[in-house]
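Same order as they appear, the protein sequences are chains A and B. Just so you know, we're using the working numbering here: the first sequence kicks off at 1 and counts up by one. Just so you know, we're using the working numbering here: the second sequence kicks off at 1 and counts up by one.
Incorrect hints may appear among the rest.
Which bits of chain A does chain B cover? Going by a derived footprint, with three or more residues having C-beta under 8 Å, they are [as the list claims (entries may be wrong)]:
id	stretch
1	69 to 78
2	152 to 162
3	200 to 208
Partial list, computed: chain B residues near chain A (C-beta under 10 Å) [as the list claims (entries may be wrong)]:
id	residue
4	HIS83
5	ASN86
6	HIS104
7	PHE107
8	ALA110
9	GLU116
10	ALA144
11	ARG147
12	ALA168
13	THR171
It should be emphasised that the hints constitute simulated quantities derived from the structure, not laboratory data. It should be emphasised that the depicted structure is a prediction, and the values quoted were computed from it without experimental measurement. For glycine and all other residues, C-beta sits at the position ideal for the given N, C-alpha and C.
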Amino acid sequence: MIALILRDIRLGVRSGGSGLIGVLFFLSVVAVTPFAIGPNLNLLAQIGPAILWIGALLASLLGLDRLFQIDLEDGSLDVLVLARHDQPLALTVFAKCVAHWLITGLPLVIAAPLFGILLNMPLEATAATTATLLVGTPAITFIGAMGASVTATLPRGGLLVSVIVLPFVIPVLIFGVQAALGATVAGTPFLQPFLFLSAMTLFFSVLGPLAASFALRQLEG
Amino acid sequence: MLIGAMGSDDLRLVVEDLAVSRGGRAIFEGVSFDLSKGQGLIVYGPNGAGKSTLLRAIAGFLPIDHGSVSVSPKGEPVWSCMHYLNTLNAMKTALSVAENLRFHQQFGGAPALAVEAALEKVDLLHVLENRFGDLSTGQRRRVALARLFLNHRPVWIVDEPTSGLDKASETTFAQIMGEHLHDGGIVVAATHLPIDVPGMKSLRFEEAPV
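Whenever a hint applies, use it, and build me the whole structure from the sequences.
In structure tokens, the structure reads:
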């Protein structure tokens with residue numbers, strides 16, 4: 001499992017920096033927002049957490065379709081599926097998700113405080129949003145694994161994955177933004193939505209790999 | 001459980017009355033064979049006859065309509081003790097040969113030969129640090145074949161193992177298969193070109209029924 005995580009991280013770093021593309025996309029979403037909203041700094045600070053979350057969400061949907069497709073194309077997926085006797089396929093999928101998040105999700109989380117400045121967000125709001133992204137974005141990857149496994153055989157599955165995955169990640173978005181707002185807006189709680197968000201990540205870290213491994217078993221490659 | 005199977009006297013791969021269909025169309029039916037320790041089977045036939053489908057079915061990738069595939073002594077599913085190598089090489093072009101092989105050794109468990117020794121078997125030790133993507137088609141295939149030595153798996157299911165290989169490498173691979181059989185393994189190979197390994201059984205696939 002460790003070997004698989006290391007291999008996927010190495011691949012992600014070497015072949016074209018997919019993490020960087022996500023960050024660039026994230027940056028472009030954040031950068032165009034002030035132009036659309038206009039020069040209202042208060043409003044910008046208010047909706048800042050939501051913009052960061054939408055940007056991070058869309059950016060993490062970007063590379064999802066390749067999660068299993070690259071392994072399917074070069075035959076590696078057969079090796080992974082075949083090893084299910086020694087290592088359950090769900091664990092293998094979990095390892096792939098962890099590696100995928102480390103390459104594509106973590107850079108988004110690291111970039112978020114920087115992008116908070118672009119949105120005139122106060123320090124506490126930026127910190128809270130970054131914390132919610134750190135806890136919430138893995139859920140997007142685990143949910144995405146389900147979509148990616150179903151569309152692995154489709155040549156242009158990218159958009160389809162996003163469409164399949166989007167309804168499932170909406171709760172993550174809701175609780176993520178709620179928790180981020182809770183840190184700054186008086187009268188709204190931070191802890192409850194934050195714990196809900198954590199629970200969702202834990203829940204999908206089990207359900208996502210299980211569902212994806214089931215779908216991968218059905219692929220007749 | 002994997003290590004124990006290698007070299008045990010009662011290793012057997014039994015396929016009984018196997019039938020597989022894909023997309024509602026029967027690919028083959030009534031395929032039976034029985035291989036024990038040190039025996040190999042070459043599946044011949046033209047393109048589209050269902051050779052690869054048979055191999056994928058044996059490896060457990062495809063649903064079986066009828067019949068059974070089993071491995072003695074444990075009666076375990078066949079994939080627990082087999083290498084499956086299809087026409088794709090299962091290697092990452094962005095990684096070096098050594099990194100690719102090391103991954104397969106670690107992930108597959110039951111390590112056998114070291115990466116260097118496995119490459120030596122296919123005469124490619126000099127490309128150890130090269131990027132897999134920089135190799136020629138034949139070299140890639142040979143690196144993929146080197147994977148067979150990395151883990152203890154007595155049953156080899158290989159699909160067109162010699163595709164892209166030159167004459168000398170074909171001979172080398174025939175020797176490798178011979179050695180594996182001699183050591184008490186089992187080989188099932190699908191090919192449309194004859195492979196010269198003495199003492200292997202053969203199974204002929206005819207043109208698929210339309």
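Verification of the hints:
no., hint, result
1, 69 to 78, "holds (count 5)"
2, 152 to 162, "violated (count 0)"
3, 200 to 208, "violated (count 0)"
4, HIS83, "holds (8 Å)"
5, ASN86, "holds (6 Å)"
6, HIS104, "holds (7 Å)"
7, PHE107, "holds (5 Å)"
8, ALA110, "holds (8 Å)"
9, GLU116, "violated (18 Å)"
10, ALA144, "holds (8 Å)"
11, ARG147, "holds (9 Å)"
12, ALA168, "violated (25 Å)"
13, THR171, "violated (25 Å)"
Checked against the numbered hints given earlier, this structure breaks hints 2, 3, 9, 12, 13; the rest are met.
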